[in-house]
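Chemist: Quick mapping for you: the protein sequence lines, in order, are chains A and B. Quick note on this note's numbering: the first sequence kicks off at 54 and runs consecutively. Quick note on this note's numbering: the second sequence kicks off at 54 and runs consecutively.
Note that these hints are calculated values from the structure, not bench results. Any given hint might turn out to be false.
Stated by the list, open to error - Covered stretches of chain B (chain A as the covering partner; in silico rule of three or more C-beta atoms under 8 Å from a C-beta of chain A):
# : region
1 : 105-112
2 : 135-149
3 : 172-180
4 : 189-202
5 : 289-298
Cβ coordinates follow ideal geometry from the N, Cα and C atoms, glycine included.
Protein chains: 2
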Amino acid sequence: MASRQATEEDPDEAFVVETVRALGGATQGGFGVGDDAALVGAGEVVTTDTMVEGVHWDHRLAPADVGWKLVAVNVSDLAAMGARPRWATLAATLPAPLDRAWWQAFVTGLDAALRHWRLPLVGGDTTRAMHARVLTLTVVGRAASPVMRSTARVGDDVWVTGQLGRSAEALLRTTPGADAMAWLRRPEPPVEFGASLAESGLVTAMIDLSDGLARDLARLCRASAVGARIDPQLLPGGRPLAESVAFGEDYELCFTADPASAVAICSGAARHGLTVTRVGAITGDALPLLVGHACWPAPRFDHFSGDLH
Amino acid sequence: MASRQATEEDPDEAFVVETVRALGGATQGGFGVGDDAALVGAGEVVTTDTMVEGVHWDHRLAPADVGWKLVAVNVSDLAAMGARPRWATLAATLPAPLDRAWWQAFVTGLDAALRHWRLPLVGGDTTRAMHARVLTLTVVGRAASPVMRSTARVGDDVWVTGQLGRSAEALLRTTPGADAMAWLRRPEPPVEFGASLAESGLVTAMIDLSDGLARDLARLCRASAVGARIDPQLLPGGRPLAESVAFGEDYELCFTADPASAVAICSGAARHGLTVTRVGAITGDALPLLVGHACWPAPRFDHFSGDLH
Chain A
54 MASRQATEED PDEAFVVETV RALGGATQGG FGVGDDAALV GAGEVVTTDT
104 MVEGVHWDHR LAPADVGWKL VAVNVSDLAA MGARPRWATL AATLPAPLDR
154 AWWQAFVTGL DAALRHWRLP LVGGDTTRAM HARVLTLTVV GRAASPVMRS
204 TARVGDDVWV TGQLGRSAEA LLRTTPGADA MAWLRRPEPP VEFGASLAES
254 GLVTAMIDLS DGLARDLARL CRASAVGARI DPQLLPGGRP LAESVAFGED
304 YELCFTADPA SAVAICSGAA RHGLTVTRVG AITGDALPLL VGHACWPAPR
354 FDHFSGDLH
Chain B
54 MASRQATEED PDEAFVVETV RALGGATQGG FGVGDDAALV GAGEVVTTDT
104 MVEGVHWDHR LAPADVGWKL VAVNVSDLAA MGARPRWATL AATLPAPLDR
154 AWWQAFVTGL DAALRHWRLP LVGGDTTRAM HARVLTLTVV GRAASPVMRS
204 TARVGDDVWV TGQLGRSAEA LLRTTPGADA MAWLRRPEPP VEFGASLAES
254 GLVTAMIDLS DGLARDLARL CRASAVGARI DPQLLPGGRP LAESVAFGED
304 YELCFTADPA SAVAICSGAA RHGLTVTRVG AITGDALPLL VGHACWPAPR
354 FDHFSGDLH
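The following block holds chain A by itself, in its conformation from the complex (with noise of 0.2 Å):
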């Protein structure tokens, strides 16, 4: 069975999100929770990530490795949804005197991530912080076959792409790999092939892994009202289970499929050259399962916060 802690949530974070559910007619769509964006009139789909100094990156980041990893976090949330970006405005929150080699080299960081994902920075707004700086990206993007969380079936492969537990290791090692660093500091979520697999119609639910497939994948069955069976050995990556499954930051996409479509799925993506891996199934299981494990591993980090749970 799967550990609680695995699945629960942020009890503040939970009763923010429940205020604004609670309003009822003026709001509609997922705030914060359900899907990793919000679906907005035929195939306009809109996310908005924040990230703030000192919980969302550390030393370990450059200010350039921060431009790109705000456009990065959000084009993932995007590419669950099967959605190519379109555009995005950026409120930036700086404490006063300004430090401009900082701000210089985090644009420089920005613009590459944004001609990366070949997407226009077209407005924003500038504010005085007290302390920490906070960067809000907002993105809007256009999904021909939107792709929710809710919709995966008893019976469907559970799937990831890339590997898992890259961020985990730099984090979390005393000498980390130059893959893995790299991947924590310039993170490349699979956006087209994201958006390719939706237009496909081969897939049947997607979740990006932002918490660390434990959680991820927890919300995933969580929305669909189905279990899941895991094989710890078939995490792609190799690493130690607590890095694959309960760090984070991985960035990449899980999704659900009918075995049926295992073949035309692999060959999507050698198209892409990304590696994709059948991690499991899903169940008709309470919760997601460990195969071999009686519960998943406790999450290990919530970003940088330095809470160590």
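Given chain A, put chain B in place with the hints provided.
Modeler: Same frame as chain A, but now just chain B:
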């Protein structure tokens, strides 16, 4: 001649804006400068505004007022483009442990404003603050006939809606009037009127008054490469000049139009239950001038930061 203080921008903010604009390729539209909101494709308009605790509000605003005002300042930007709001996303950065009573009250005011402007909140993100609360709302709207600030013509009249200086009165006086306090806490920018003005084709340029007429009219004139002559006797509200033009947080509209349109503008305003006042004219001068004064009063206030210039 207008005083230098009345037109200059914060050099740090200018640096932030210029570095982003200098990116070229990936970036387009007005990042913090140019128009109040960015035009994205045909008639699609977006604005984003952040409120920082201790900078944009203090104890004089109840949490519910902060919620209302966060919506109001954003829809005011859309109104200045002649756009109607369609949907919004909220990014809330809140100190841990969460003050649930504060958040619940904030949401009540936010909801009241969302309902007032019939604006669905479709998504959001909550993150942990290090210190002060930081709230960013991004609002997307649609403008059938977007209006810029760069298209005023010599000979146009200069108009303002409502009255000027209510927030100034509320914040500067020992015993402000109830109307002034109410507007400080729950401003009601004329969104429907802004959209109908734009659709009527009667206005040539428009801007919202968030930083005071002195600064905002200077921006409109600079963007349009024109000057203006404003008659201080005509400013609506009957408050001292410094309160009327050099403070801000008016959340009224300032627009320009051919003198032949005056009757149509007044009757349009009457249909919306609003007052409009002709306060001067656009000229070929190098700057906006205040008739009978050597210079504009120096800006008195930079939101709630305590920075009196």
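Chemist: Does each hint hold? Answer for all of them.
Modeler: We went through each hint and held it up to the structure:
Beta-carbon proximity to chain A at under 8 Å applies to 5 residues in the region 105-112 of chain B; the threshold of 3 is reached and the given coverage holds. Counting residues of the region 135-149 of chain B whose beta carbon lies closer than 8 Å to any beta carbon of chain A gives 9, which meets the minimum of three for the stated coverage. Coverage of the region 172-180 of chain B by chain A holds in this model, with 9 residues showing a Cβ closer than 8 Å to a Cβ of that chain against a need of three. Look at the region 189-202 of chain B against chain A: 3 of its residues bring a Cβ nearer than 8 Å to a Cβ of that chain, three or more, so the hint holds.
Counting residues of the region 289-298 of chain B whose C-beta sits closer than 8 Å to any C-beta of chain A gives 0, which falls short of three, so the coverage hint is violated.
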